[in-house]
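S.K.: What follows is each chain in one-letter form.
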Amino acid sequence: MDIIGYADRWSVVPGETLTLHVSCAWPARYEADVVRLRGGPTTRDSDAVDETHVDTVIDGVHEGGPQATDCGSYALLPADPRLFDPNGFAIELLVWPTMPSKPRQILAAQAWKAAGFVLGLVDGRAMLRLGDGTELRAAAPLLGRRWYRLRARCDVGGDELSLVVEAIDPRDGIAPWRATTRGGARYVPARGASMSFAARLDATTRISCDHFNGKLEAPRLASATGESIAAWSFSLDMSGDVMIDSGPNALHGRLVNLPTRAVTGANWRAEGVHWRDAPWTYDAAHFHEDDLYDAGWLPSFTWTVPDDFQSGVYAVRLRLGDAEDRVPVFVRPKPGQATAPVAVLLPTATYMAYSNDHQAFDKPHPERSIGRPIVLQPADLLLHRHRELGLSLYDRHADGSGVCHSSRLRPTLTQRPKYRRWDGADGVGLRWFGLDLLLIGWLEQLGQAYDVVTDEDLDRDGEALLAPYRVVLTGNQPEYVSTRMLDALQGYVGTGGRLMYLGGNGFYWRIAFHPTRPGVIELRRGHDGAGPWLSEPGEAHHAFTGEPGGTWRTLGRPPQALVGVGFVVEGFTRSGPYERVPLREARRWSFVFAGIEGRRIGAQGLSGGGAAGIEMDRTDPELGTPSDAIVLARAQLPSIHYQGCILEELAGNGLPLCGEMVIFARPGAGGVFATGSIAWIGALPCDDFCNDVATVTANVLRRFLDSAPL
Amino acid sequence: MTEVALDAGSFDLALAREHLADPLGEPSPALRALLDRMRDEPPAGRLVVLADADGARFRLAELTGRRGDTPIIHELPPFESVAAAARAIFRLRWKRLTGGDLTIAL
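From first to last, the protein sequence lines are chains A and D. According to our numbering, the residues represented by the first sequence are 1 to 710, in order. According to our numbering, the residues represented by the second sequence are 1 to 106, in order.
Here chain D stands alone, though its shape is the one from the complex (with noise of 0.2 angstroms):
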């Protein structure tokens, strides 16, 4: 798996917008090496999405990355759809990657 080098200008608010407005779209090729960065998370701390039985809400949860280990749940409120959960990982990512908050609206 390539490395992909991101340099500050990688934090762009134009990507952040451009993912915001459609998070499970075709990225532009910037976005998607900013989104490859993002999603290069080792087992532990790896952010996932859990669908409840009916699949009608979603809950981010983070990975201990041991085996077995029940997936700690995030303490953000429970998602309506896919998408949704898509945009609050990546305000969760974006503050790990730049240590601070994304703080445009979508």
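Just chain A, same shape as in the assembly (with noise of 0.2 angstroms):
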């Protein structure tokens, strides 16, 4: 892959101009187009996607070049005299370190050549070093995850320099320890030179480096004489991007790359679990190496999508010699002009949240949940080499914290047409958005007019997105929900609206977009539900919205009350077929095996050879089930590999596990198809998109489209 991009947003109207980013392996010129894609790959052996050329300005040859990613988060802030006392200073602050063994981090760091001075740990000793070289290093390192208080201070008139660590947790048994030089230091303010906390900034190329992993609480500024210059403060402005002061000279910082915010600090007891109701135990941010919001690539071009571009699913295509990149791009329609009775509502927080995992490489015991040997592509070695390009919502920072934040303002390499997954179940392998273009291609060959709208739009318009819309269809796994989104496919389905819900494990985290920034989720995974990591005590509500995370079943809105059914089981070997019951009310929803001979639906399928897998819901009465929800068909596990979730196991109703397939009409002549079930979409394509998968999708598409109550 030695060109690879992204655009600065994923869904834009006609009229809009995107940026795209765009980096090559060396200095290179490389050509653009864009394309409409109207399918995924429908065979294991064939990468070919369904894809036409559209004519558009970016025809052509452009100019590239390698681009760097400044990744890692820190405080930056600007020079200005006020930050400097030609005298000295003092700095203090409290520190929990995650990787005190890391050889070089960086905690304040105000330095030009020999001027100024750098706090930090040296192999995890505390460090104060002037521009001169003359430095003080404490004697032992610090533990992990316990809370220091370090104090350094400079002090020219009395030719003084001093650095003390004291542990603040007395049970760790830790004696302060303190170091003072007398004579012999020489201190130059470096007056011109930015400040700098976590990191620093390397003079020639202008990217951070020397991060440090933990939290930092609290740093004070003052003069050699103890006069105040600044106090930082973490729990102000919790979902913004400024380390406010609130001393005297209102001197703010900037946060970049989104440290973790409404973290716990050094005197957090439990008092409150929200950081609203205890801000002053919520005054520290967690800074990590990789941390990544924006690659911050210098634009490589623009595209303003012509006014007469349809709704739909494009792409822009970067070609270097044999390499090529996909950069995904929504075309929706401009507000309050719906082009078609459909919608497809892409789950791009899901995308999002999946968006370059490592879990192959990193997590424990991969091979065992899929039952067959891990096959990587070329896209997941890059990802792998250059962990710059961020991390997903999957992975554990190089610390083991988890990671909470994921952004689409870099190459999202797991989320092209082609990018087969190891645990795509066993056949063309595609998952997310790879997955759902066999969706759009069902819709294609059906001949079927559509929009596409996507999570972004939904959390920012709400139901007035969806309601020009008879149907809207689903993706594979719209698996991460925030407030609004779910909200307002309540909303519409509560007034007459209709949804096919054509995936699993939907509707099951919730999430936060960002007030502010685009492009960019949190998820606070609390302490529960199917996941890789857990929040730490006391940080499971979110610093954009302040909303408690978790699943949206232990929040009380579980998706059986939206869908009629919810996650329950998972397996990435095979899938199977369903069932069809016995039907209560069988004349009134015969429509939708019209055309259907025989019990079994779904007996093939590209996702694991089955229409029902990977991941699978059921129905439950108690946990909001509908009572007039008709149960189609069941699916029981495909493979020994299958295993229930973890909420089934603490807190399951006893029900077998399985999947199953939903419909039921709402008050308003709202109704609600689930297929409850990954594999479905796969399922679509076989035998040329002429198969019962995609009969009994055509029938319920239909019968919704038609206006007449269910």
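Rather than coming from a laboratory, the hints here were simulated on the basis of the structure. A few of these clues could be false.
[Claimed, not checked] Residues from chain A shown here face chain D by an in silico Cβ test under 10 angstroms; the list is partial:
{"no.": "1", "residue": "398"}
{"no.": "2", "residue": "429"}
{"no.": "3", "residue": "644"}
Glycine residues also receive a C-beta, built at the ideal position from the N, C-alpha and C atoms.
Using the hints, build the complex out of the two chains.
M.R.: Here's what the structure looks like:
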């Protein structure tokens, strides 16, 4: 993959301008054009996607080269004369290191060549160094995940340099360490230099380096005589990217790459578990060397989507020799100008959640869950080698803490049309965006007009986005859902909208979009659910919104209440068929199986060899499945590799693990059809889209488009 | 994750034959127990399969367990199917766990 790129947005309306950011492995001329995607790969052995070139102004050759990614979070203050006392400085902060053994970590720096100072950790030992090379270094390394107070002081007048390290938790029995030098040191303020916390900027590249991993709290800066210059806080403006200075000079800092906010500080005693209830116990931020919000690449070119562009799935295709990348672009209609009765709600929050994950490399026992070898693609290897392209919500940071932010402002190489996934079940191996392209292919083959909209649009516009559409189709795994998204979907179905949930594991985790920053979601997993990590104690509330995190089930809004079914079981080996069950109100719902002979549905598929599998949902009346929901068909576990999700084991109602397909009407002519299986969409293309799964889906779509009450 | 205890009988050649005959198929419970134990590899030394850009050839590789390290390509020649790679992985793991080569042919 010698060429990769990203756009500054995934979803656009005609007339809007996209900025593309492209990186080549070497300085080179590359080709770019736009293709419309009308389907994904439908065989294991072919990478062919159904795409057609669209003439646009970007067609042609562009100049490119390697782009650098500024990965890792830190705080930055521009150079300001008020930051400096020519006679010295006093700086103090609380620190909770999570990787103390990392050789070099910056806590605070204000340095340029032989001027200024650096406060940091060297092999875990606190260190203060002046620009002239004078250095104090603590005798012993700090322990991981313990709070310490560090105080450093340089007094030119008193000709004294001192560093004090105090353990906050007396249970550790660590005596304070102090060192002082008198005479010999020469301090010169770095007047033109910015000041940073948790990293420093490389003097040549201006890229951050020597990142600190861990929490910082309450940095204070004073003059040599102790007069306050700044007192920064992390408990104010929790969703913002400003490190607010409540001192006399209002020297606010900028937080880069989303350090985790709303985290517990040194004095947290579980007096409150919400940062709003006890903000004085949440005055810390957790910095990671592998945080990333915006890759920050230089713009390569722009593209204004022509006014006459149809809504649909497109990609900007980048080609350099044999290498290529397709950057997805979802063109939605202009507000209030729906162009079709059907909308495909692309689950882009889920795309973001899984973007650039490293589970094959880092997760324990990944092969057990898939029952066959892990097959890695070139994109997997590139992401592994280039961790600076950021992590997914399924990863842990280098310091072991869970990743709770994911952004689309970077190349998201696991969300590409041809990306084959090691846990994509036996077959084409598509997941997420790639698998949803098979739904697009089915609509195209059917000749059904459709618009595409995205999760990000739904979070922003709410129910009004869906209101113009007779029917809304989901993708294969709409797992990550914000409150506004869930409200909008419930409102849509409750006011006459008809929802076809064509996936599994849907509506499972609560996430939050940032209130002002585009293209990033936050996830606080809480302490339950089928996830790869748990929130730290006291850190289960989103910083972006203040909402409690976790699964919608434990938050009291289970997916069963929206779509009748909810996630219970997963396996990544093979999929199986559904068996029809005797219908209640058979005449009313017989349209679903019109043209279908036999009891078995979906015995073939590209996602595991059947329509029921990978992750499956079932009904549960106690969790809100409507009493009038009709179970249409049921799927047994296709393989012994399937396992119940942890919530079922901890808090299940003892119902058998299986997949269930349901349908029900809602007051006001609304309706819901749910397949409860990720593999469903993978079964649509079989036999050139002439199969029972395609027939059932078309039967329901046709009936849902008919405005007659269900 | 439950650790699967295996005794010497778990390394039954009949299980090896079952796996080699259909390495991507549904295993018997006894074979699954053996495979689960074999698949309990930490990231350092984990055997994986690398697909080439065309998805036509597959090489075995070992992860180092360190973030960012390129996997170490195994000396075996590339395979033309995932099933063939799976058989080779099984033989390598058999040797890791028993100390002896799996001599049956398939």
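S.K.: Which numbered hints does this structure break?
M.R.: 3
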